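Visitor: Given these sequences and hints, build the entire structure.
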Amino acid sequence: MKLDIQKHDLVPVHEILSEKEKEEFIENLEYDEENLPKILLRDPVVKEIGAKEGDILRITRESKTAGMFVTYRLVVDRDSD
Amino acid sequence: MREDGIIKKIKQINFGLMSPEQIRKLSVVKIQTPDTYDEDGYPIENGLMDPHLGVIDPSLKCRTCGYRGGDCEGHFGSIDLARPVIHVGFGDVIHKILRSTCNDCGRILLDDVEIEEFKQKIDFCKEHDENINDIIKEVYNAAKKNVCPHCGAEQEDIKIDKPTTITQGDYKLTASEVREKLERITDSDAYVLGVNPEVARPEWMVLTVLPVPPVTVRPSITLDTGERSEDDLTHKLVDILRINQRLIENMEAGAPQLIVEDLWELLQYHVTTYFDNEASGVPPARHRSGRPLKTLAQRLKGKEGRFRSNLSGKRVNFSARTVISPDPNISINEVGVPEMIAKEVTVPTYVNEWNIDEMKEYINNGPNVHPGANYVIRLDGRKIRVYDETKEKILEQLKPGFIVERHLHDGDMVLFNRQPSLHRMSMMAHEVKVLPYKTFRLNLCVCPPYNADFDGDEMNMHIIQTDEARAEAKSIMRVQEHILSPRYGGPIIGAIHDHISGGYLFTRKESVYSEEDAFQLIRKSHLKMPKRKHKDWTGKELFSLLLPDDLNMSYRANICRHCEDGCLKQDCKNEAYVVIKNGELISGIIDENAYGSGSGKILDRIAKEYGPSAAREFLDRSTDMAIAGIMKIGITTSLNDEEIPEEAQERISEHLLKAEKDVDELVDTYNEGYLAPLPGRSLEETLEMRIVQVLGEARDKAGAITEKYFGNVKDESLVSCHNKFDMSNHSVVMAKTGARASMLNLTQIAACVGQQAIRGGRINRGYKDRVLPHFRKKELGAKAKGFVYSSYKSGLDPIEFYFHAMGGREGLVDTAIRTAQSGYMQRRLVNALEDLKVNSKGLVTDNCGMVIQTIFGEDGVDPAKSDHGKVVDLEKVISEMRVNSNSKKSAKKEPYHLTYDYGKSNPKENPIFKWVNGEMYKQNKGKTEKVEE
Chain P
1 MKLDIQKHDL
11 VPVHEILSEK
21 EKEEFIENLE
31 YDEENLPKIL
41 LRDPVVKEIG
51 AKEGDILRIT
61 RESKTAGMFV
71 TYRLVVDRDS
81 D
Chain D
1 MREDGIIKKI
11 KQINFGLMSP
21 EQIRKLSVVK
31 IQTPDTYDED
41 GYPIENGLMD
51 PHLGVIDPSL
61 KCRTCGYRGG
71 DCEGHFGSID
81 LARPVIHVGF
91 GDVIHKILRS
101 TCNDCGRILL
111 DDVEIEEFKQ
121 KIDFCKEHDE
131 NINDIIKEVY
141 NAAKKNVCPH
151 CGAEQEDIKI
161 DKPTTITQGD
171 YKLTASEVRE
181 KLERITDSDA
191 YVLGVNPEVA
201 RPEWMVLTVL
211 PVPPVTVRPS
221 ITLDTGERSE
231 DDLTHKLVDI
241 LRINQRLIEN
251 MEAGAPQLIV
261 EDLWELLQYH
271 VTTYFDNEAS
281 GVPPARHRSG
291 RPLKTLAQRL
301 KGKEGRFRSN
311 LSGKRVNFSA
321 RTVISPDPNI
331 SINEVGVPEM
341 IAKEVTVPTY
351 VNEWNIDEMK
361 EYINNGPNVH
371 PGANYVIRLD
381 GRKIRVYDET
391 KEKILEQLKP
401 GFIVERHLHD
411 GDMVLFNRQP
421 SLHRMSMMAH
431 EVKVLPYKTF
441 RLNLCVCPPY
451 NADFDGDEMN
461 MHIIQTDEAR
471 AEAKSIMRVQ
481 EHILSPRYGG
491 PIIGAIHDHI
501 SGGYLFTRKE
511 SVYSEEDAFQ
521 LIRKSHLKMP
531 KRKHKDWTGK
541 ELFSLLLPDD
551 LNMSYRANIC
561 RHCEDGCLKQ
571 DCKNEAYVVI
581 KNGELISGII
591 DENAYGSGSG
601 KILDRIAKEY
611 GPSAAREFLD
621 RSTDMAIAGI
631 MKIGITTSLN
641 DEEIPEEAQE
651 RISEHLLKAE
661 KDVDELVDTY
671 NEGYLAPLPG
681 RSLEETLEMR
691 IVQVLGEARD
701 KAGAITEKYF
711 GNVKDESLVS
721 CHNKFDMSNH
731 SVVMAKTGAR
741 ASMLNLTQIA
751 ACVGQQAIRG
761 GRINRGYKDR
771 VLPHFRKKEL
781 GAKAKGFVYS
791 SYKSGLDPIE
801 FYFHAMGGRE
811 GLVDTAIRTA
821 QSGYMQRRLV
831 NALEDLKVNS
841 KGLVTDNCGM
851 VIQTIFGEDG
861 VDPAKSDHGK
871 VVDLEKVISE
881 MRVNSNSKKS
891 AKKEPYHLTY
901 DYGKSNPKEN
911 PIFKWVNGEM
921 YKQNKGKTEK
931 VEE
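Protein chains in written order, with my numbering: chain P, 1 to 81; chain D, 1 to 933.
Please note that a few of the clues may not be correct.
Restricting the straight-line Cα-Cα distance to at most 25 Å, the calculated cross-link-like pairs of lysine-lysine (DSS-like) are [as the list claims (entries may be wrong)]:
hint : chain 1 : residue 1 : chain 2 : residue 2
1    : D       : Lys126    : P       : Lys64
2    : D       : Lys632    : D       : Lys528
3    : P       : Lys64     : D       : Lys870
4    : D       : Lys608    : P       : Lys38
Since the hints were derived computationally from the structure, they do not count as laboratory data.
A quick note: this is a predicted structure, and the numbers were derived from the prediction, not measured.
Guide: This is the structure:
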């Protein structure tokens, strides 16, 4: 039986930004895209949603301070960090 | 100080090994004699103190560079070792390299394909500035072959006996043999093994020549007796030279191989300990006194090493340290500085035409009269000390542009600090107030942020030297700016102890003062004198003088008993419900929840809505008033306060007896096997939990009974509350208001101390199956496991006393361990977080610009400015609105002021100047007019 990890309580919602969204997002960025927090290509969630290297994920998670918080991560391919 | 101001930027740092040629090239002199000075005290040529190595004494000239001591940086010498010696730091690397290369031909134990593969991997990493450690590890793993792929020779196992003994099979390799083997490795093989041939060769890890550091690195100390004491490094170098010399002599004399090898090993030992005297497997070299020598590695390593102690830690001038003592009469913003210190530490002040007369006065006073001056810096930068004899001459020269290093005087900004500096409130800026005697004086309200008390604590003061620093300190480091703590958005600086019990005693209903007394209180708290009303004043009216006119709030005081049958609110018999309407204290009393450190609600409101200056003024004035009030009423406590009537005593022992019986019953059911285990627990655990619960309840009940009887109320009129508490009992007053101690403390004194615990459970150690020999084995009763029936007042019996000491000791050990652990944890946290920064938009990045958080704390809230961490405190807003809607007259919107108007600029009187297109405009009373220059 395969477990859908995206349905797990502790896994926040990961979404891949569409080409248009990504363009818009990068345009409004006040810093370099490379400076975004990273997520590994071999991360289970990344594999699950089928993101590619260079994609940007929108992660919506519950936050103790802000209720809901949206953050973004850049998918990278690395052996280890 | 260097004036030329040449700035060089470091582009790159290369690390490599020093080749013997490099060491020799660097060397200005070959050291041969193991002696330092001759009988006349002159350094011996070719000795360890050879004048070519540099000089320390400013009266001598260096033989190499010609500079005098102090300017000469020192020059390296060298020792030619009679036989090669392995460098301790590289024993491991040498072993790994030898293991990965052929014993016979010296080629790397990889076939050509593998070599090329790894080479490309390393090249790739270097190009991309990535770490090659993992690849090198891979190489070492891959190069484990039994047969050499190049020459076909079988490989013998190479082992290392740390730190420097390397064996091949059963044969112990000498350092010379090791060096030969390393020499055979080709440059391209070395590259794959992690040794960059551009900066290092493997054989350089075996020393043939030893650099000798200049004397400036190892200065000798002349003792008062005239005796010379050499540095540890010099001692070690002497040892190396001696053995080296003996080795040479023996070899020349053709001594037997055995003796030469012994001496060689001794040389290896000395060189090893010269580098690292704490290498494992090597007994540390010792001084004659038995103290281990501090050699090269020890100079750099650890907390006392060069990095953490000298490079990361700096020592400063213009600082002072002394014992602290309390002074309730100075503001929280101030610090009392002893005159003695004020005359020693100085503030550099530029002379200008407006302050020249003042400066002249300081110089005229000289260095020994208080508002004086110690030094004057002339226009040419020369610094002249002010003496009584020379001050006339200095006064004549003095003109604008000079710098006068004048004494500290009232109003100067200084930094004040108490270690351990655990948070930013451990170092705050205070205003100086020069006072007699020899201790620093500080207001009691700033004890909590510094965690200071007066049992001998010392604190440090730093005098700010530049105007920028002064301005910055004044705007962000001042005490008043730290009243609200960023740890929990509430006040950390606030009233403590007597302020709180005083606040309670003088604001409760019974406190009524004649007008004379009231005015005395007002005067003592430095408030503006109100108009006479020819009536008595209540304490609440007096306290209302401190509150801003438009303050509206209500909250429950610390004395609130959380009545189960619903809160009576304003009609609370305990006066625990505080209502402030338009700056009038309508009902309730003032205690810890009003203006205490940590939970003061009024203080919190004033700090947030009226600003730090207003909060400081409120705190200074209200604590003055509370102290004046408590001095008028008087407060005292003794053991009589913990007296309870016989009747209470009987009820308590009844309860305890019942609890004991319950415990015995539980034990019986357990023994008979009828005890039902709780889910997820064993029978034993269940029993233990039940017993602890029963005993805990019993103690709580004893406490509750005691509380009821406290004070043994005889005079009903003294009782201010509808039941229970006698607030004429000052111990109870202190506990209930939050000034000091708790009701638990009081009931432990009066009724029953309760269960003693170790590791969160009943006491369970000592003899086999029992704690003390007074009990039967495996006894499970209350008394046998550390329940203390007695009270502190009645005294503990010997067994109880022993249990109590056990529990007490655990507390002590715990605190000691906790501080050490949390200290290290904090160090790691600080190191991880120290260079994160928040930009003006709330973006959190590290020093490379990598984003950590897109919005600080995910909600962008500054905890110091929030309501206890939340963005808004709805309850607070609502309760304020309630009071507002109840009040008939609307709030006066006048700026809050007590004695004077602080800070809040009045737009009517303060015109604003603006620059538009190069012209200046004045905005005043809503009108804008152009200003001609």
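Visitor: Please go over all the hints and tell whether each is borne out by the structure.
Guide: Verification of the hints:
1. A threshold of 25 Å between alpha carbons decides the hint, and for Lys126 of chain D with Lys64 of chain P the separation of about 43 Å lies outside it, so the pair is violated.
2. Using a Cα cut-off of 25 Å, the hinted pair Lys632 of chain D and Lys528 of chain D holds, with the two alpha carbons roughly 20 Å apart.
3. Taking the CA atoms of Lys64 of chain P and Lys870 of chain D, the gap is about 11 Å. The hint holds against a cut of 25 Å.
4. Using a Cα cut-off of 25 Å, the hinted pair Lys608 of chain D and Lys38 of chain P is violated, with the two alpha carbons roughly 39 Å apart.
When the structure is compared with the earlier hints, violations turn up for hints 1 and 4 and for no others.
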